[in-house]
Amino acid sequence: MTSFEQHFEDKINNEVNIEPRDWMPDDYRKTNIRQISQHAHSEIVGMLPEGNWITRAPSLRRKAILLAKVQDEAGHGLYLYSAAETLGITRDEMIEQLHTGKAKYSSIFNYPTTSWADMGAIGWLVDGAAIMNQVALCRTSYGPYARAMVRICKEESFHQRQGFEILLSLVRGNATQKKMAQDALNRWWWPSLMMFGPNDDNSPHSAQSLHWRIKRFSNDELRQKFVDAATEQAKVLGLAIPDPALKWNEERGHYDFGEIDWEEFWNVVKGNGPCNKERLDTRRKAWEDGEWVREAAMAYVEKRKNRSQKAA
Amino acid sequence: MEGNPNNEIPNTKMKNALLNYTLSLADNASVMSHRLGEWCGHGPVLEQDIALTNISLDDIGQARSLYQYAAEQLNNMPTTEKTNLFSDMMLNAKIAAGENLDEDDLAYLRDAWDYRSLLLVEQPNKDWAYTIARSFYYDAFMQLFYKGLQNSKDDRLKGIAEKSLKEVTYHLRWSSEWIIRLGDGTDESHQKIQTAINDLWMYTGEMFKMTDTDKAMAVAGIGVDLAGLHKDWLNNIKNIFTQATLQLPTDIWMQDGGKEGHHSEHLGYILADMQFLQRTYPGLDW
Ligand SMILES: [Fe+2]
Ligand SMILES: [Fe+2]
Numbered sequence: 460m461t462s463f464e465q466h467f468e469d470k471i472n473n474e475v476n477i478e479p480r481d482w483m484p485d486d487y488r489k490t491n492i493r494q495i496s497q498h499a500h501s502e503i504v505g506m507l508p509e510g511n512w513i514t515r516a517p518s519l520r521r522k523a524i525l526l527a528k529v530q531d532e533a534g535h536g537l538y539l540y541s542a543a544e545t546l547g548i549t550r551d552e553m554i555e556q557l558h559t560g561k562a563k564y565s566s567i568f569n570y571p572t573t574s575w576a577d578m579g580a581i582g583w584l585v586d587g588a589a590i591m592n593q594v595a596l597c598r599t600s601y602g603p604y605a606r607a608m609v610r611i612c613k614e615e616s617f618h619q620r621q622g623f624e625i626l627l628s629l630v631r632g633n634a635t636q637k638k639m640a641q642d643a644l645n646r647w648w649w650p651s652l653m654m655f656g657p658n659d660d661n662s663p664h665s666a667q668s669l670h671w672r673i674k675r676f677s678n679d680e681l682r683q684k685f686v687d688a689a690t691e692q693a694k695v696l697g698l699a700i701p702d703p704a705l706k707w708n709e710e711r712g713h714y715d716f717g718e719i720d721w722e723e724f725w726n727v728v729k730g731n732g733p734c735n736k737e738r739l740d741t742r743r744k745a746w747e748d749g750e751w752v753r754e755a756a757m758a759y760v761e762k763r764k765n766r767s768q769k770a771a
Numbered sequence: 497m498e499g500n501p502n503n504e505i506p507n508t509k510m511k512n513a514l515l516n517y518t519l520s521l522a523d524n525a526s527v528m529s530h531r532l533g534e535w536c537g538h539g540p541v542l543e544q545d546i547a548l549t550n551i552s553l554d555d556i557g558q559a560r561s562l563y564q565y566a567a568e569q570l571n572n573m574p575t576t577e578k579t580n581l582f583s584d585m586m587l588n589a590k591i592a593a594g595e596n597l598d599e600d601d602l603a604y605l606r607d608a609w610d611y612r613s614l615l616l617v618e619q620p621n622k623d624w625a626y627t628i629a630r631s632f633y634y635d636a637f638m639q640l641f642y643k644g645l646q647n648s649k650d651d652r653l654k655g656i657a658e659k660s661l662k663e664v665t666y667h668l669r670w671s672s673e674w675i676i677r678l679g680d681g682t683d684e685s686h687q688k689i690q691t692a693i694n695d696l697w698m699y700t701g702e703m704f705k706m707t708d709t710d711k712a713m714a715v716a717g718i719g720v721d722l723a724g725l726h727k728d729w730l731n732n733i734k735n736i737f738t739q740a741t742l743q744l745p746t747d748i749w750m751q752d753g754g755k756e757g758h759h760s761e762h763l764g765y766i767l768a769d770m771q772f773l774q775r776t777y778p779g780l781d782w
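So the protein sequences, as listed, match chains A and B. In our numbering, each residue carries its 1-based index in the first sequence increased by 459. In our numbering, each residue carries its 1-based index in the second sequence increased by 496.
Just chain A, with the same shape it has in the complex (with noise of 0.2 angstroms):
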């Protein structure tokens, strides 16, 4: 071991913050560059299946919400590309890899958002699993994405109650109300168990991820914490969790839960989600309608510069 590997080792059994400017072993760089990456995309693409809703929602109230939540998310973006960004790499360099498919984004948003409810589904459950993950980011090890979780977790809590509160809105409605909530649920259950990841002894960078603390707990261990926490939730709610096999299981001091459908995981990460080729065209339709803009914007920045220039 150099020193410098020596150095770094301290810091990471230290819980000493790993910075930008520090020494750091390639793959720990490129581990860090893959998941916060993979991360900014997923706040970005996430912004599509909530955003199919804002024009259709049926309060102002709600509008003004959703909008101001899905904006809360484009946010969330720029702050982790940032963090990337110190890694050495460029946002458009990773905007390329996303629509490259190169990148990938949480396959929970390439399942399709087909009625009010779901607004209420993803703010409680799919931000609610996002928390999960995200709380225990803040103490990760590569410093400028602990400190953007910091910031981002801030504003989660106001997206899970949103979306919950949505929810409870339903249920104490009518009988269509409350259906369009238990239906909400039946689909976005199983797919936002998957958003913790293959099982820990199929989890390909799980090892490495931990020992470095860029992973602070293991996809199992969160997405036992999830289920135990909303299957308590939907009691509140009074919904019904669609996993006949969910108990407590008085020993272990958790519920039980079913078999996750790993077919249908790998399949939707491979690309066949019923959304993928929506949400990747959508995104690139995006960057290339924008491309005129973004050239406008920087031929402007430069013509400044260049009179600012003469002028002195």
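Note that these hints are calculated values from the structure, not bench results. Owing to the predicted nature of the structure, the values given are computational and were not obtained by experimental measurement. Think of the CB as a built atom: it goes at the ideal place given N, C-alpha and C, for glycine as much as any other residue. There's no promise every hint is true.
Every beta carbon over 12 angstroms from chain A, so not counted as near; a handful from chain B, in silico [as the list claims (entries may be wrong)]:
(1) 556
(2) 560
(3) 580
(4) 584
(5) 595
(6) 676
(7) 698
(8) 716
(9) 725
(10) 744
(11) 749
(12) 752
(13) 779
Footprint (simulated), chain A over chain B, 3 or more residues, beta carbon under 8 angstroms [what the hints assert, rightly or not]:
(14) 540–552
(15) 606–620
(16) 632–639
(17) 680–690
(18) 770–778
Partner residues are not named here, just some residues of chain A that face chain B (Cβ under 8 angstroms, in silico) [said to hold, decoys possible]:
(19) 475
(20) 479
(21) 506
(22) 515
(23) 518
(24) 519
(25) 534
(26) 537
(27) 634
(28) 636
(29) 642
(30) 717
(31) 748
(32) 749
(33) 755
(34) 758
Got chain A sorted already, so can you dock chain B with the ligands onto it with the hints?
Chain B with the ligands in isolation, oriented as in the chain A frame:
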């Protein structure tokens, strides 16, 4: 003078004018917010996605304050005075049943012919140039308008104007900067924004056209003399266009009608989207 029968007709007229005036402002803000909200997630760059959403959120906030005020006005009217104000069956049923109305009843239960918004705000986003041009014309107008409305004898409108003026001043700065950037950017952007400002020019005349409602409100010291804003508006527009190296459109016929319920084909689709849940599952809380 309450209860004096001779005063009842002018009173009712004034009440209706104030209601129409408030609704017209609310509809503008709501439709504008809707259009800008359509961009959310599709902007040319993340920072601008966020900026547009900010503006959309300000507009929806303005719309809510104004609709709330309009609803209060309606709730204070005797039923006989408001039975035939609107065409919508669901809305009229609520009124006939003596129910109190709220902001959402007015946004979600009026069809296009009862909407009093400008033709300008319902125009489609099309692309970034059209979106910027539409915002610029509207923001430049609203900034002058709210400045004037700060002197309203109606305390509620005055209060809303004071708060909104700060917001719209920022909106105008944002859209002006984009006009300049696109005009003085690349050849392509110059051409695109020139086309957009030309194409949307025909919807700018309506902003200054005084309907009977506008006249009544201006005379009462509640509303703003719109025609009087035109000179300043034009000067501001010219100033920005000069900086942007853009040509002021001329000789174009001005379209109007939105303020009196005669809309383009676009508003119907906006409302079909916006009102879908309220129409399909009527009378529920969300
Ligand atoms: Fe987020
Ligand atoms: Fe979120």
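Okay, the hints, checked on the actual structure:
A Cβ of chain A approaches the Cβ of residue 556 of chain B within 12 angstroms, the least distance being about 5 angstroms, so the stated non-interface status is violated. Taking the minimum C-beta to C-beta distance to chain A, about 5 angstroms, the non-interface status of residue 560 of chain B is violated against the 12 angstroms cut. At roughly 25 angstroms from the closest C-beta of chain A, the C-beta of residue 580 of chain B stays outside 12 angstroms, upholding its exclusion from the interface. The Cβ of residue 584 of chain B lies farther than 12 angstroms from every Cβ of chain A, with a closest approach of about 17 angstroms, so its non-interface assignment holds.
Distance to chain A confirms residue 595 of chain B as a non-interface residue, since its nearest Cβ pair spans about 16 angstroms, more than 12 angstroms. Residue 676 of chain B, annotated as away from the interface, has a beta carbon of chain A within 12 angstroms; the closest lies near 8 angstroms. Here residue 698 of chain B stays apart from chain A, with its beta-carbon at least about 24 angstroms from theirs, past the 12 angstroms limit. At roughly 28 angstroms from the closest C-beta of chain A, the C-beta of residue 716 of chain B stays outside 12 angstroms, upholding its exclusion from the interface.
Residue placement check: residue 725 of chain B keeps its beta carbon more than 12 angstroms from all beta carbons of chain A (closest about 28 angstroms). At roughly 20 angstroms, the least C-beta separation between residue 744 of chain B and chain A is larger than 12 angstroms, which holds for a residue marked as non-interface. Every beta carbon of chain A lies more than 12 angstroms from that of residue 749 of chain B, the smallest distance being close to 30 angstroms; the non-interface claim holds. Every C-beta of chain A lies more than 12 angstroms from that of residue 752 of chain B, the closest at about 26 angstroms, which supports listing it as non-interface.
For residue 779 of chain B, the requirement that its beta carbon stay farther than 12 angstroms from each beta carbon of chain A is not met, with the minimum near 9 angstroms. Check on the region 540–552 of chain B: 10 of its residues sit with their Cβ under 8 angstroms from a Cβ of chain A, so the three-residue criterion for coverage holds. Only when three residues or more bring their CB closer than 8 angstroms to a CB of chain A does the claim for the region 606–620 of chain B stand; here the count is 0, and the claim is violated. Counting residues of the region 632–639 of chain B whose CB falls under 8 angstroms from any CB of chain A gives 0; the rule of at least 3 is not met.
Look at the region 680–690 of chain B against chain A: 6 of its residues bring a Cβ nearer than 8 angstroms to a Cβ of that chain, three or more, so the hint holds. Counting residues of the region 770–778 of chain B whose CB lies closer than 8 angstroms to any CB of chain A gives 5, which reaches the minimum of 3, so the coverage claim holds. The criterion of a C-beta within 8 angstroms of any C-beta in chain B is not met by residue 475 of chain A, whose closest approach is roughly 32 angstroms, and the hint is violated. Interface hint status for residue 479 of chain A: violated, as the beta-carbon distance to the closest one in chain B is roughly 21 angstroms, over 8 angstroms.
Annotation: interface hint on residue 506 of chain A holds; nearest CB of chain B at approximately 4 angstroms, less than 8 angstroms. This hint holds: residue 515 of chain A has a C-beta 5 angstroms from the nearest C-beta of chain B, less than the 8 angstroms allowed. With a cut of 8 angstroms, the hint placing residue 518 of chain A at the interface with chain B holds, because the nearest CB-to-CB distance is about 5 angstroms. Interface hint at residue 519 of chain A: satisfied, since its Cβ lies 5 angstroms from the closest Cβ of chain B, which is below the 8 angstroms cut-off.
Taking 8 angstroms as the C-beta contact cut-off toward chain B, the hint placing residue 534 of chain A at the interface holds, the least distance being around 6 angstroms. Here the hint on residue 537 of chain A is kept, as its CB sits about 5 angstroms from the closest CB of chain B, short of 8 angstroms. With a cut of 8 angstroms, the hint placing residue 634 of chain A at the interface with chain B is violated, because the nearest CB-to-CB distance is about 11 angstroms. Hint status for residue 636 of chain A: holds, given a least beta-carbon distance of 6 angstroms to chain B, under 8 angstroms.
This hint is violated: residue 642 of chain A has a C-beta 14 angstroms from the nearest C-beta of chain B, more than the 8 angstroms allowed. This hint is violated: residue 717 of chain A has a C-beta 32 angstroms from the nearest C-beta of chain B, more than the 8 angstroms allowed. Proximity of residue 748 of chain A to chain B holds as hinted, the smallest CB-CB distance being about 7 angstroms (cut-off 8 angstroms). Nearest Cβ of chain B to the Cβ of residue 749 of chain A: about 2 angstroms, under the 8 angstroms cut. The hint holds.
Satisfaction of the interface hint for residue 755 of chain A is found here, the shortest Cβ-Cβ separation to chain B being roughly 3 angstroms, below the 8 angstroms cut-off. For the restraint placing residue 758 of chain A at the interface with chain B, the shortest Cβ-Cβ distance is roughly 5 angstroms, inside the 8 angstroms limit, so the hint holds.
The structure is inconsistent with the numbered hints 1, 2, 6, 13, 15, 16, 19, 20, 27, 29, 30, although it conforms to all the rest.
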